[in-house]
Amino acid sequence: AQSVSQHNHHVILSEAASLELGCNYSYGGTVNLFWYVQYPGQHLQLLLKYFSGDPLVKGIKGFEAEFIKSKFSFNLRKPSVQWSDTAEYFCAASNFGNEKLTFGTGTRLTIIP
Amino acid sequence: DGGITQSPKYLFRKEGQNVTLSCEQNLNHDAMYWYRQDPGQGLRLIYYSQIVNDFQKGDIAEGYSVSREKKESFPLTVTSAQKNPTAFYLCASTRGGFEAFFGQGTRLTVV
Numbered sequence: 001a002q003s004v005s006q007h008n009h010h011v012i013l014s015e016a017a018s019l020e021l022g023c024n025y026s027y028g029g030t031v032n033l034f035w036y037v038q039y040p041g042q043h044l045q046l047l048l049k050y051f052s053g054d055p056l057v058k059g060i061k062g063f064e065a066e067f068i069k070s071k072f073s074f075n076l077r078k079p080s081v082q083w084s085d086t087a088e089y090f091c092a093a094s095n096f097g098n099e100k101l102t103f104g105t106g107t108r109l110t111i112i113p
Numbered sequence: 001d002g003g004i005t006q007s008p009k010y011l012f013r014k015e016g017q018n019v020t021l022s023c024e025q026n027l028n029h030d031a032m033y034w035y036r037q038d039p040g041q042g043l044r045l046i047y048y049s050q051i052v053n054d055f056q057k058g059d060i061a062e063g064y065s066v067s068r069e070k071k072e073s074f075p076l077t078v079t080s081a082q083k084n085p086t087a088f089y090l091c092a093s094t095r096g097g098f099e100a101f102f103g104q105g106t107r108l109t110v111v
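Heads up: the sequence lines are chains A and B, in that order. Going by my numbering, the first sequence wraps up at 113, each residue one higher than the last. Going by my numbering, the second sequence wraps up at 111, each residue one higher than the last.
Please keep in mind that the hints were generated in silico from the structure rather than gathered at the bench. Please read these numbers as outputs of a predicted model, since none were measured by experiment. Note that the Cβ used here is the ideal one computed from N, Cα and C, for glycine as well. Take these hints with a grain of salt, some might be off.
To be verified - Heads up, simulated DSS-like pairs for lysine-lysine below, C-alpha to C-alpha not over 30 angstroms straight-line: (1) Lys-61(A) - Lys-57(B); (2) Lys-49(A) - Lys-83(B); (3) Lys-83(B) - Lys-70(B); (4) Lys-9(B) - Lys-57(B); (5) Lys-70(B) - Lys-9(B); (6) Lys-49(A) - Lys-57(B); (7) Lys-57(B) - Lys-69(A); (8) Lys-69(A) - Lys-70(B).
Said to hold, decoys possible - Some but not every residue of chain B turned toward chain A, in silico, with C-beta under 8 angstroms: (9) Ala-31; (10) Gly-42; (11) Phe-102; (12) Gln-104.
Chain B extracted, bound-state conformation (with noise of 0.2 angstroms):
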């Protein structure tokens, strides 16, 4: 079945640690992005990628760093510089701004 992959789907954290959310996808497509979801606030974009090696900061990218070595795998890096991390983390995909697919997303708690 084609589509994508969070994991783990719930994560937890010491406070100062980085830690890296992965997603992976097999749909082919080129553009990947990683949102926030908290209640409220609706979706808010952290990184996107239109390209591999390629990745443009979204609205919130402050304390988060990605990488796009391979068009599958678009892993999200939470710094400890993030002020508040502890959130819902989703992943999407799209070919050609069209539909976006999401992963199933992956909860990070920091204590």
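So here's chain A without its partners, still in its complex pose (with noise of 0.2 angstroms):
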């Protein structure tokens, strides 16, 4: 069956740090990836996406996420966090031609100023 697995459940870093999330899908064919954010109080909205091409992709926030098609992952990245950075995030997937949309379980990232 198609899933997203997010490892992660809740991490917390400091003001500055490095940031890497964990992202694995479970798919055959042609998969298409995508990161949402959800600050408190506020909508989802879309980090960034990967369909087809460079697999090093940039999104908004200074956000960068890298396919590897061979392990299977989708992980999002983030050289310096801000304290703004807290939120929690949710890797998702689809197969190119078919529209289900399957989210991750999310990742609550705390950071401590």
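Now that you have both chains on their own, put them together as the hints suggest.
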């Protein structure tokens, strides 16, 4: 069955630390991959997406993610986090041509000033 | 402004009653979704619809029903068969599998 896994449930970092959040997917065929963020009290919004091409994708607010097909992974990174990055982060996937969009369980990120 | 409107924001119902959550979009998106968000479980897909008059079960469809009579509307009914209906429900829409746009959510409490 198609699934998305996020193994980090809660990550706590100090400001300026580097961030990497894990995401693994279990999909056959061509996969579309996404990272969404939910800031406290706000709607979910798209951080970045990968459909094809360069496996290193850059998103908003200095985030990037790397698609590694051999590892079925799409990890989210940021070289230096800020207090305002405190939020919940969700990885999501769908198959090309099928709009069923599946989310992972989310990672709560807390940045300590 | 284009977007997704979910109503109401908070909803209280007695156990055993069916309740319908509203979701309307004016983005001209073909696909619409209903998710349930519980702490520690992320967003779990209840139902989705890729086109008018068609919808598919997601991963946790039991105890829920939907309709898609209009492109703009995708209401979700939480039936009395749903064993644990108290949750936060999110509606979303996409066009062509691209970015999903989300509503503000409805928090349903069954007492």
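Query raised in the report: Of the numbered hints stated previously, which ones are contradicted by the structure, given in increasing order?
Result: Numbers 1, 2, 8, in rising order.
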